[in-house]
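Student: Each protein sequence line maps, in turn, to chains A and B.
Just so we're aligned: the first sequence equals residues 55 to 607 in our numbering.
Just so we're aligned: the second sequence equals residues 302 to 533 in our numbering.
Be a bit skeptical, because a hint or two may be false.
As the list claims (entries may be wrong) - Across the chosen pairs, the derived CB separations fall in these ranges:
(1) Lys-372(B) <-> Glu-443(A): 52 to 62 Å
(2) Ser-228(A) <-> Gly-376(B): 36 to 46 Å
(3) Cys-287(A) <-> Ala-315(B): 23 to 33 Å
(4) Cys-287(A) <-> Lys-405(B): 24 to 34 Å
(5) Arg-219(A) <-> Leu-360(B): 20 to 30 Å
(6) Lys-342(B) <-> Thr-371(A): 27 to 37 Å
(7) Leu-367(B) <-> Leu-132(A): 53 to 63 Å
(8) Asn-314(A) <-> Lys-372(B): 33 to 43 Å
(9) Glu-469(B) <-> Ser-228(A): 39 to 49 Å
(10) Leu-367(B) <-> Glu-348(A): 21 to 31 Å
(11) Glu-334(B) <-> Pro-69(A): 45 to 55 Å
(12) Ile-313(A) <-> Gly-376(B): 27 to 37 Å
(13) Arg-451(B) <-> Thr-371(A): 51 to 61 Å
(14) Asn-509(B) <-> Glu-583(A): 45 to 55 Å
Simulated from the structure, these hints should not be mistaken for laboratory data.
Don't be surprised by glycine CBs; every beta carbon is placed ideally from N, CA and C.
So the chains spell out like this:
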Amino acid sequence: MAIITSRNLSNKSMPTLDLRGKKILIVDDFFNFRLSVRNMVSFFRPKDIDEAANGEDAIDKISRKKYDIILCDYNLGLGKDGQQVLEEAKFNNYINNATIFMMVTAENTIEMLLGALEYEPDDYLMKPFTRDTLEKKIRGLITKKEIRKDVDQAITDGEYENALRLCNELIDNSTKHLAELLRLKGEIIIKLGNYEQAASFYKEVINMGRFPWAVLGLGKANYLSENYDEALCIFSDLIKSNNKFMPAYDLLAKTLQKINKNREAQQVLINAISVSPKAILRQKELGDLAYRNEDLVTAENTFKTVVKQGKNSCFKTPGDYTKLAKVLTERDAGDEGLLVLKDANKEFVNDPKAAVQVALAESLVCKKMNRIEDAKKATDKVMSILSSESDKTSADFELDMAKALFIQGHGDEARAIIRRVVQSNHQEEVILENIQMFFKDLELEDEGQKIIDEAVEEVVILNNEGVRLVREGELVKAIDYFRNAAKRLDQNKVINANAANSMIVFMNKNGVRKEYLEDVKKYLDRVAEIDHEYRDLPALLLLYKQLLKGTLR
Amino acid sequence: MNANVEITFADILASTIHDTKNSLGLLYNTIEEIIIHCQEKECQGHHDFFTLQYELKRLNGSLIRLLTIYKSQKGQLCINIDYHSVSDFLEDTIIQNAPLLESKGIEINLDCPENLFWVFDGGLVAGAIENVLNNAYRYSKDKINVTAGREGDYLAIHVEDNGRGYPEGMLINYDPAAGQSKSVNFDTGSTGLGLYFATLIAGYHINNNHKGYIRMTNGGRYGGGVFSLYLP
């Protein structure tokens with residue numbers, strides 16, 4: 055043996071990697087390459103080795119069999135590329151935290167950060183690679199997955215405090231996977247909503263070395279704490295030093311929008327798309343932004359691309375079609391818009407929610423084209439689908455109903471519903487924007503804004519009064535107040551969270567009361583149901599659990 | 302106009318390199334299989350395949366270097382630093398080259414503390430080290446020693462061989478305190494390009510106002526050539 059080292063070279067001293075019972079998928083468009091990799095992995099005696107020659111075939115196989123290891127070439131010819139395979143597999147939960155997904159590339163790894171952060175592969179393999187390299191990488195990934203298993207589980211369960219504690223323990227005990235664990239820790243701190251803490255944490259990490267993920271994290275923490283100028287600098291620098299670091303583009307565009315530089319944001323997304331043209335989610339962002347910027351030519355072209363790319367994508371939605379139809383109508387091509395909607399109906403069969411959206415869009419297009427009869431027909435269709443809907447309480451349902459009523463001329467009824475939806479969701483930008491858009495489509499922008507403003511203001515005043523009572527220590531009054539408010543606005547997460555909070559504050563001061571504990575749980579459950587990622591939820595849940603523990607003691 | 306034509310040609314060159322690399326990759330793996338097959342069957346002459354594989358690896362390495370330099374000149378090269386266990390990293394690099402070195406009866410020794418961790422671009426540094434190992438394969442008599450350790454604010458990686466040492470003109474005795482590295486002599490052909498590459502890669506590593514650099518000296522424990530890479 056020619057190698058003598060101060061310690062044993064691990065591959066040589068360790069028993070051969072044992073993949074018995076494991077299922078492996080090899081994705082590559084070259085038969086020879088698949089064969090070569092197959093020969094390589096068969097040495098580790100896995101249970102199954104399957105092959106796919108293109109992205110579509112890969113997705114099909116991944117959806118039907120739970121693979122342990124997927125080795126996927128990035129460049130797969132004309133169809134989906136490796137990144138799209140990964141995104142689709144993750145998006146549809148075909149693969150989970152335990153699955154090892156390795157992207158095989160022809161060149162340096164940094165070129166490949168094309169997707170969003172949440173769609174990163176576990177590792178990259180550069181061609182050509184040897185069996186030893188593959189063995190070493192797989193072995194390392196298995197260990198890594200094993201180490202972070204509990205933290206990942208805690209994150210999946212939404213127990214971020216616990217995840218942070220576990221992660222800190224690992225950091226103290228494992229130098230080998232330090233970077234990985236530090237990265238994980240940053241993500242948890244952000245999830246906990248402690249953005250200032252996250253920023254100083256990332257700064258510390260950057261002192262060790264300018265890890266791209268740490269710089270991105272610092273930018274994100276600044277963005278979330280609304281330090282937009284700082285965030286802007288960081289994201290711009292990141293792109294300057296690596297023009298393929300796609301997450302930086304997305305965050306830069308978001309930051310620019312926050313400081314009302316929508317035109318610049320649009321340009322950033324256009325640049326990003328020229329680097330990575332197949333990222334459909336980014337295309338959608340661009341379409342929306344261009345529309346808001348009233349750049350209808352860009353909006354039309356972009357939505358056309360979205361619809362075209364969407365045909366083979368898990369990210370296809372009826373909204374892509376209705377938006378395109380809307381833009382076309384505004385560009386005096388309403389007939390083409392109607393064709394797009396017809397196409398949408400073919401694309402989303404047996405999907406009542408999609409059918410409602412498409413029919414609503416159809417009625418708006420017809421209305422714009424002064425085809426009143428057709429508009430009525432379309433809204434009738436909306437009503438009839440909605441009447442068989444089982445969940446009649448969701449904001450989406452109510453809004454669709456209100457829209458149909460509005461188009462048919464039942465304005466007062468519609469306004470009352472919209473008001474209620476706004477009050478239940480007074481901080482939900484997506485829903486408020488949706489309502490604004492609807493009024494804009496009807497060229498009643500000012501009226502829409504007024505309805506929203508008034509309804510929001512009423513809730514804000516209501517909420518502030520309760521918060522004031524809590525601050526001034528009038529806890530009994532505050533509890534009473536929020537109870538009433540939560541009765542009226544039972545779908546408003548802020549009111550529900552504050553109702554829980556007033557009781558928690560009371561109990562922290564005056565001791566635990568069983569009936570309050572039950573109410574706190576009820577309110578927090580409601581918050582979680584409305585928005586399980588609500589910013590204050592982890593902190594409130596923690597306080598609730600502490601109180602609960604106190605009663606057991 | 303002329304400038305445009307030049308850029309286009311460079312781009313065509315780059316994409317051709319990509320393509321060539323793919324073919325090389327296949328070729329490399331095929332030979333790898335043949336070698337494994339041969340070893341199992343203990344057939345004669347599989348050493349020739351190692352030579353073949355060695356040359357392929359050299360070709361691949363050259364192409365990677367070309368691409369890297371191309372990107373560097375276009376201002377597109379970006380550094381992808383990560384946190385590495387230095388001993389794991391060097392082991393990986395050595396393991397990839399070990400069968401080849403073994404085939405020529407060269408003994409390779411790694412001397413690196415296990416608790417040494419450093420931040421650098423693994424892909425680029427591996428490319429530089431592989432290039433040096435490839436050279437050592439050619440020029441060493443029968444020993445290569447890789448040592449790594451912390452020296453001041455730098456991670457120092459030394460590759461020593463027991464060959465005749467570097468020719469006088471190639472020696473680089475750089476001292477960061479004195480500044481100004483001597484420029485690489487291209488008269489030495491591919492070796493010169495390899496060194497240029499190593500210098501480039503070292504220089505891309507900057508941390509707390511320290512910049513990476515290389516040294517090439519003669520002597521060391523075997524009295525042969527010593528290549529040293531310093532990363533801040």
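Student: The structure should be examined with respect to each hint, and the outcome stated for every one.
Tutor: Quick rundown of the hints versus the structure:
| no. | hint | verdict |
| --- | --- | --- |
| 1 | Lys-372(B) <-> Glu-443(A): 52 to 62 Å | holds (55 Å) |
| 2 | Ser-228(A) <-> Gly-376(B): 36 to 46 Å | holds (38 Å) |
| 3 | Cys-287(A) <-> Ala-315(B): 23 to 33 Å | holds (31 Å) |
| 4 | Cys-287(A) <-> Lys-405(B): 24 to 34 Å | violated (53 Å) |
| 5 | Arg-219(A) <-> Leu-360(B): 20 to 30 Å | violated (51 Å) |
| 6 | Lys-342(B) <-> Thr-371(A): 27 to 37 Å | violated (57 Å) |
| 7 | Leu-367(B) <-> Leu-132(A): 53 to 63 Å | violated (28 Å) |
| 8 | Asn-314(A) <-> Lys-372(B): 33 to 43 Å | holds (36 Å) |
| 9 | Glu-469(B) <-> Ser-228(A): 39 to 49 Å | holds (48 Å) |
| 10 | Leu-367(B) <-> Glu-348(A): 21 to 31 Å | violated (47 Å) |
| 11 | Glu-334(B) <-> Pro-69(A): 45 to 55 Å | violated (22 Å) |
| 12 | Ile-313(A) <-> Gly-376(B): 27 to 37 Å | holds (28 Å) |
| 13 | Arg-451(B) <-> Thr-371(A): 51 to 61 Å | holds (54 Å) |
| 14 | Asn-509(B) <-> Glu-583(A): 45 to 55 Å | holds (50 Å) |
In the structure shown, a violation is registered for the earlier hints numbered 4, 5, 6, 7, 10 and 11, in ascending order.
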